[in-house]
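Produce the complete structure using the sequences and hints provided.
Listed below are the residues making up each chain.
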Amino acid sequence: MEQKLLNLYHDTGIYQLEFGQAVMMLVGMLLIYLAIKKGFEPLLLLPIGVGAILVNIPGAGFMAAPVYDAAGHMVSPGGLQYYIYHGGIETGLFPLLIFMGVGAMTDFGPMLANPKTLLLGAAAQFGIFATVIGAVLLGAYGIMDFTLADAAAIGIIGGADGPTAIFVASRLAPDLLGAIAVAAYSYMALVPLIQPPIMKALTSNEERAIKMVQLRHVTKTEKIIFPIVVTLLAAAFLPSAAPLLGMFCFGNLMKESGVVDRLSDTAQNALINIVTIFLGLGVGSKLSSEAFLNLETLGILSLGLVAFSIGTATGVLMAKLLNKVSAHPINPLIGAAGVSAVPMAARVANKVGLEANKQNFLLMHAMGPNVAGVIGSAVAAGVMLSYVGG
Amino acid sequence: MEQKLLNLYHDTGIYQLEFGQAVMMLVGMLLIYLAIKKGFEPLLLLPIGVGAILVNIPGAGFMAAPVYDAAGHMVSPGGLQYYIYHGGIETGLFPLLIFMGVGAMTDFGPMLANPKTLLLGAAAQFGIFATVIGAVLLGAYGIMDFTLADAAAIGIIGGADGPTAIFVASRLAPDLLGAIAVAAYSYMALVPLIQPPIMKALTSNEERAIKMVQLRHVTKTEKIIFPIVVTLLAAAFLPSAAPLLGMFCFGNLMKESGVVDRLSDTAQNALINIVTIFLGLGVGSKLSSEAFLNLETLGILSLGLVAFSIGTATGVLMAKLLNKVSAHPINPLIGAAGVSAVPMAARVANKVGLEANKQNFLLMHAMGPNVAGVIGSAVAAGVMLSYVGG
Amino acid sequence: MEQKLLNLYHDTGIYQLEFGQAVMMLVGMLLIYLAIKKGFEPLLLLPIGVGAILVNIPGAGFMAAPVYDAAGHMVSPGGLQYYIYHGGIETGLFPLLIFMGVGAMTDFGPMLANPKTLLLGAAAQFGIFATVIGAVLLGAYGIMDFTLADAAAIGIIGGADGPTAIFVASRLAPDLLGAIAVAAYSYMALVPLIQPPIMKALTSNEERAIKMVQLRHVTKTEKIIFPIVVTLLAAAFLPSAAPLLGMFCFGNLMKESGVVDRLSDTAQNALINIVTIFLGLGVGSKLSSEAFLNLETLGILSLGLVAFSIGTATGVLMAKLLNKVSAHPINPLIGAAGVSAVPMAARVANKVGLEANKQNFLLMHAMGPNVAGVIGSAVAAGVMLSYVGG
Amino acid sequence: MNELVSEGIGLMVLGMGFVFLFLVILIFATGYMSTLVNKLFPEAAQPAAKVPSAPVTANNTVDPQIVAAISAAIHQHRNR
Amino acid sequence: MNELVSEGIGLMVLGMGFVFLFLVILIFATGYMSTLVNKLFPEAAQPAAKVPSAPVTANNTVDPQIVAAISAAIHQHRNR
Amino acid sequence: MNELVSEGIGLMVLGMGFVFLFLVILIFATGYMSTLVNKLFPEAAQPAAKVPSAPVTANNTVDPQIVAAISAAIHQHRNR
Ligand code: NA
Ligand code: NA
Ligand code: NA
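Protein chains in written order, with UniProt numbering: chain Y, 1 to 390; chain X, 1 to 390; chain E, 1 to 390; chain P, 1 to 80; chain A, 1 to 80; chain S, 1 to 80.
For the record, the hints were derived by calculation from the structure and aren't laboratory data.
C-beta atoms are modelled at their ideal positions from N, C-alpha and C, and glycine is treated no differently.
Please note that a few of the clues may not be correct.
Claimed, not checked - Straight-line alpha carbon distances no greater than 25 Å define the calculated SDA-like cross-link-like pairs of lysine to any residue that follow:
| # | chain 1 | residue 1 | chain 2 | residue 2 |
| --- | --- | --- | --- | --- |
| 1 | Y | 37 | E | 265 |
| 2 | Y | 324 | Y | 301 |
| 3 | Y | 320 | S | 38 |
| 4 | X | 116 | P | 32 |
| 5 | Y | 324 | S | 10 |
| 6 | X | 324 | P | 28 |
| 7 | X | 4 | S | 17 |
| 8 | Y | 4 | E | 147 |
| 9 | Y | 211 | Y | 198 |
| 10 | X | 351 | X | 217 |
| 11 | Y | 37 | Y | 298 |
| 12 | E | 37 | X | 116 |
| 13 | X | 4 | S | 4 |
| 14 | X | 4 | S | 10 |
| 15 | X | 116 | X | 351 |
| 16 | Y | 351 | Y | 326 |
| 17 | Y | 358 | Y | 205 |
| 18 | Y | 116 | Y | 4 |
| 19 | Y | 37 | A | 29 |
| 20 | Y | 4 | E | 140 |
| 21 | X | 37 | S | 32 |
| 22 | Y | 320 | S | 12 |
| 23 | E | 116 | A | 13 |
| 24 | X | 37 | S | 12 |
| 25 | Y | 116 | S | 4 |
| 26 | Y | 4 | A | 13 |
| 27 | E | 38 | P | 39 |
Stated by the list, open to error - So the derived list for chain Y, only partly shown, Cβ under 8 Å to chain E, looks like this:
| # | residue |
| --- | --- |
| 28 | 46 |
| 29 | 53 |
| 30 | 58 |
| 31 | 60 |
| 32 | 77 |
If you want it as structure tokens, here you go:
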């Protein structure tokens with residue numbers, strides 16, 4: 001009896017708690033606070049924060065692997081986050097299903113009306129690769145312990161696209177997954193703070209006041225055929241990007257075809273919500289003190305910020321260049337939307353545009369580069385998976 | 001660097017694409033076209049078409065098996081369609097869950113009001129077994145490479161019931177699954193074209209104009225007890241049909257009981273939609289060029305058409321026979337609805353009936369044989385699984 | 001051919017049916033009857049009843065394990081209930097997800113307005129541990145074959161909380177899972193019959209007529225922070241209760257935070273409904289004749305009833321004690337709600353209160369101990385898992 | 001006639017036989033069930049089915065929001 | 001008294017002890033939390049909670065379709 | 001310059017090159033596709049898209065319950 005009482009005491013969190021676990025539980029609470037009070041991407045950061053708390057409870061076994069005897073019978077079951085992480089994140093299923101749902105919510109209309117804006121989505125991906133250079137320099141000079149795969153996974157934060165970042169990190173740098181996902185979603189939430197100063201520094205007031213000509217009407221048929229074209233181009237030129245782009249286009253095709261609305265509706269609602277809950281808990285499971293409480297995390301957070309900033313800048317600069325060569329005027333602000341972070345970055349472009357000219361509604365114009373940025377970062381992800389993994 | 005560039009080129013789809021894969025991607029696009037433009041069972045054929053494209057992208061790895069090291073850690077993750085196919089189709093889970101959802105959408109009322117129509121659902125299954133004979137003849141004379149199991153799986157196309165066909169094919173002839181599923185859903189979509197000529201050829205105008213007496217009211221209690229009766233009969237006489245019939249009846253019981261409407265609603269919506277998306281992608285994964293681009297597929301498509309036609313004919317002939325011996329008049333057209341293809345075949349019967357007599361509304365009368373055909377083909381599936389598998 | 005006919009006959013349920021299976025199918029039908037006609041927790045008992053019928057169909061293979069060859073290829077697929085049971089119940093995933101959904105439906109407001117009612121939720125758990133003593137006595141005197149783990153799992157029936165009971169039973173006494181789950185849900189449905197006589201026997205009419213002061217307003221912030229506090233306390237004092245309490249609090253946090261309403265909505269609807277269907281079929285799979293048709297089941301059913309009754313009594317007695325020492329009057333009836341069985345037990349307290357005084361609305365006051373009872377039985381479950389398993 | 005064909009014919013005979021057997025039994029079972037039900041519970045089943053479980057009620061009844069919207073709309077409509 | 005019984009009694013004592021301990025701690029923690037929250041953020045939490053995420057708004061507000069339906073229904077109703 | 005850095009630069013060059021290459025090809029493919037579509041099916045696509053699948057119709061049309069509620073509400077409203 002005394003022994004049992006002692007066992008029970010030894011089982012308590014208080015007895016077992018390590019300092020690192022306590023800190024990570026505070027990190028989890030910080031994420032929950034940011035999600036609820038500051039509105040930082042709550043759909044992901046709230047479950048991630050809860051997942052971080054749960055996985056760091058000593059003795060609760062949320063990440064415990066199941067144990068089987070020789071005959072294959074279960075001796076002790078695994079933890080919830082073990083099953084979620086290994087079933088849905090390590091396999092890549094959850095990010096792909098989220099991407100399908102996002103595709104079913106995406107309207108390519110503004111981009112189809114003005115395909116040149118795809119160039120802005122391309123230019124803004126420079127943030128990704130500049131960050132890769134930053135990370136390999138930190139690694140090469142022994143400041144931080146980054147491999148090329150780590151550097152690639154960190155760079156993808158600059159893609160401003162959560163599921164893409166999680167998909168790449170789960171393949172190239174699973175140990176850094178927690179920090180990368182947290183950085184990706186945090187900076188996406190900070191887009192309204194990070195982008196405007198850069199956008200204003202690189203443009204004159206006249207440029208920001210430029211009005212753009214109204215977008216042409218895009219037919220239903222174009223919208224239906226477009227996702228198939230993207231899938232075929234991915235198949236032809238970059239099969240390693242085909243999982244991401246293919247599922248994204250599948251979702252979009254379900255939406256635009258108009259013949260499977262019940263599937264499209266489920267992909268946008270019940271399914272993406274279920275997967276989001278699980279994805280959050282699974283990402284949170286990687287927020288262990290060993291993986292998170294080290295210099296590398298600081299590096300990841302700093303490099304992520306750099307990636308966003310450079311991507312914003314190169315997007316704006318490309319838009320200025322396009323404005324010079326284009327027949328119709330192009331407001332350079334919409335280049336910033338090329339980082340993706342849909343639809344936040346497009347809204348920021350609209351807001352900054354309105355500050356310069358109260359009649360200047362850039363939202364629809366910025367949606368073009370915005371969704372182009374999603375394609376751009378999926379292509380960048382494909383190159384990385386092929387280059388580093390192959 | 002040049003090496004990496006070369007690697008990247010060797011990774012492209014253009015470099016790797018085989019002719020068969022290109023053809024299968026065209027087949028996938030044809031299915032998408034039929035789904036969107038022609039309205040061919042889009043809920044299934046659209047995801048199947050996308051699945052066919054994705055699985056044939058060389059190097060994208062949608063069907064790649066995961067690789068584990070000796071300690072059980074994942075070295076490389078599997079592809080999305082690998083997990084879907086092996087998790088949900090090979091195991092039989094997805095067809096069974098779809099069948100549960102279909103059960104929750106089915107109203108047995110018209111059949112209970114006139115149980116004799118069950119005979120029509122039985123007669124129309126002759127299409128299944130006639131097709132089996134056709135397939136074994138093709139096999140026996142060495143024209144095509146069909147085993148008895150293959151023949152049974154091909155025959156079930158005549159059941160005009162997608163999940164049943166997929167369930168049987170996944171157990172008896174997984175290699176033919178893609179072609180069988182495509183044939184089953186395509187012909188179900190073609191019911192309004194296939195059936196009317198046969199129906200008209202076998203009936204006189206007077207027969208088609210026969211009005212049927214109004215159906216009696218069926219009480220809630222009858223509807224609740226009926227699915228339990230079917231389950232018990234399956235248990236007693238044909239356990240191999242019990243998975244299909246049991247899940248179908250479970251769904252129906254959830255609906256009719258009226259006490260678990262939130263479960264019934266989920267079975268009919270979120271759950272069946274999620275499973276349908278996955279089922280489509282999983283079936284599409286079997287549309288590889290090796291499995292599809294051969295003489296056997298042509299045989300399957302032709303035999304499937306024969307199966308539908310014979311089933312329609314025997315259904316109509318049985319209805320003519322019943323009309324002779326029955327106290328109340330029976331319009332032979334409703335026999336054609338016995339192939340199932342719910343509710344398309346019943347609508348076709350109604351439409352052809354209206355052509356003969358503008359006051360002749362056969363829809364509810366045809367719903368009886370229509371749902372009876374679902375039971376009939378599940379029974380036929382059970383016999384096949386028991387006879388061929390046992 | 002004759003051989004095949006004979007095989008088919010040997011495959012029939014009639015040929016193979018054992019007496020025990022027939023009885024268990026009758027038990028399944030009884031559960032369905034209670035669910036539909038008597039309204040006994042139909043969301044669980046209907047699927048459990050169907051699951052019991054299906055698993056007892058001889059030769060249908062609902063619980064068959066899949067067979068793989070040496071190379072890892074599937075030779076024969078497993079049964080639906082095999083996958084459900086081993087995938088979701090043995091692992092503990094389904095009860096935890098249900099608990100998350102229940103958390104998202106729970107309002108801790110009344111409890112936060114009057115935290116003393118937590119003591120009532122504690123007192124009512126005495127039913128659990130008194131039952132453990134009853135079960136070990138039956139085991140110790142050789143009347144029934146109960147181990148300490150069995151006794152603990154049986155006791156948890158008194159927690160009046162389905163997912164907690166299933167979670168504990170799946171870990172401590174999987175063989176008894178069927179009987180324990182059936183007992184737990186049946187008695188929860190019988191709360192309106194079991195509790196009132198005990199409540200009336202232990203209270204005077206004046207006590208039952210006591211009016212309570214209106215509850216103070218509880219702020220949104222309190223409701224948001226509360227689930228985090230509970231999780232941290234579980235982490236600190238009882239990690240073995242952290243899976244249950246953590247997921248419950250996660251669900252509640254999603255609801256109260258107000259920033260992830262689409263996730264909260266899915267947790268309360270599509271997700272919990274899907275899991276409920278599977279949980280029911282999975283629990284039903286444990287209703288085999290070997291596991292159910294024995295003296296132990298009778299013991300479980302009797303002990304479960306005792307557990308409920310004792311829990312009700314100790315809850316009421318604790319409320320009488322609190323009423324003596326509290327500044328504000330406390331109606332002893334609300335103590336009975338401490339067994340949980342949310343919200344049935346609170347409604348019963350309200351109803352019995354109204355009988356004594358037509359102006360006495362106890363519902364909101366009883367919701368406090370009611371949800372406290374959920375926490376209390378999760379804590380009791382944690383102690384058991386730690387004491388018996390550790 | 002080779003074995004495959006004879007097996008196929010066996011499957012056809014057994015299969016159609018079983019399908020008819022099963023559905024004929026079902027006709028009798030259904031008929032008997034209906035007669036019994038309608039004798040024992042003449043339409044008594046329907047009131048019972050009218051008592052839905054809690055979450056259902058919420059779905060089936062008219063949303064109070066909608067009622068509020070209606071009143072508001074009527075006001076607006078009149079004041080136009 | 002054999003070992004099983006003594007283990008059962010041990011479980012009961014520890015179990016009830018722990019349940020009460022945990023819930024008593026929770027009473028104090030909750031009370032302290034509520035006091036603190038209401039001192040630091042006196043009802044400040046509610047306006048914040050009023051800002052729901054986008055998809056919620058769509059669910060909570062009145063569907064424009066419904067509003068259209070109402071107007072149509074009123075017209076029809078009047079013209080009857 | 002060590003190997004890691006040179007590999008990083010290689011990734012950058014190849015990566016940005018490929019991103020631009022892909023998106024430039026996509027610009028041409030999209031433009032060509034749009035031209036082709038609008039020449040072959042000048043707005044013919046829209047009527048086809050107006051024919052939604054059955055379950056959708058159910059979702060998009062006004063619920064008969066709502067209509068019933070409206071009539072009821074109007075009556076109540078008038079009788080106030
Ligand atoms: Na991007
Ligand atoms: Na059929
Ligand atoms: Na309880």
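Structure-based check of each hint:
no.: 1; hint: Y:37 to E:265; verdict: 20 Å, holds
no.: 2; hint: Y:324 to Y:301; verdict: 35 Å, violated
no.: 3; hint: Y:320 to S:38; verdict: 30 Å, violated
no.: 4; hint: X:116 to P:32; verdict: 13 Å, holds
no.: 5; hint: Y:324 to S:10; verdict: 30 Å, violated
no.: 6; hint: X:324 to P:28; verdict: 20 Å, holds
no.: 7; hint: X:4 to S:17; verdict: 13 Å, holds
no.: 8; hint: Y:4 to E:147; verdict: 17 Å, holds
no.: 9; hint: Y:211 to Y:198; verdict: 20 Å, holds
no.: 10; hint: X:351 to X:217; verdict: 24 Å, holds
no.: 11; hint: Y:37 to Y:298; verdict: 24 Å, holds
no.: 12; hint: E:37 to X:116; verdict: 29 Å, violated
no.: 13; hint: X:4 to S:4; verdict: 14 Å, holds
no.: 14; hint: X:4 to S:10; verdict: 8 Å, holds
no.: 15; hint: X:116 to X:351; verdict: 22 Å, holds
no.: 16; hint: Y:351 to Y:326; verdict: 24 Å, holds
no.: 17; hint: Y:358 to Y:205; verdict: 13 Å, holds
no.: 18; hint: Y:116 to Y:4; verdict: 71 Å, violated
no.: 19; hint: Y:37 to A:29; verdict: 22 Å, holds
no.: 20; hint: Y:4 to E:140; verdict: 20 Å, holds
no.: 21; hint: X:37 to S:32; verdict: 21 Å, holds
no.: 22; hint: Y:320 to S:12; verdict: 23 Å, holds
no.: 23; hint: E:116 to A:13; verdict: 22 Å, holds
no.: 24; hint: X:37 to S:12; verdict: 43 Å, violated
no.: 25; hint: Y:116 to S:4; verdict: 35 Å, violated
no.: 26; hint: Y:4 to A:13; verdict: 11 Å, holds
no.: 27; hint: E:38 to P:39; verdict: 21 Å, holds
no.: 28; hint: 46; verdict: 5 Å, holds
no.: 29; hint: 53; verdict: 6 Å, holds
no.: 30; hint: 58; verdict: 6 Å, holds
no.: 31; hint: 60; verdict: 4 Å, holds
no.: 32; hint: 77; verdict: 5 Å, holds
The structure fails to meet hints 2, 3, 5, 12, 18, 24, 25 from the earlier list, while all remaining hints are met.
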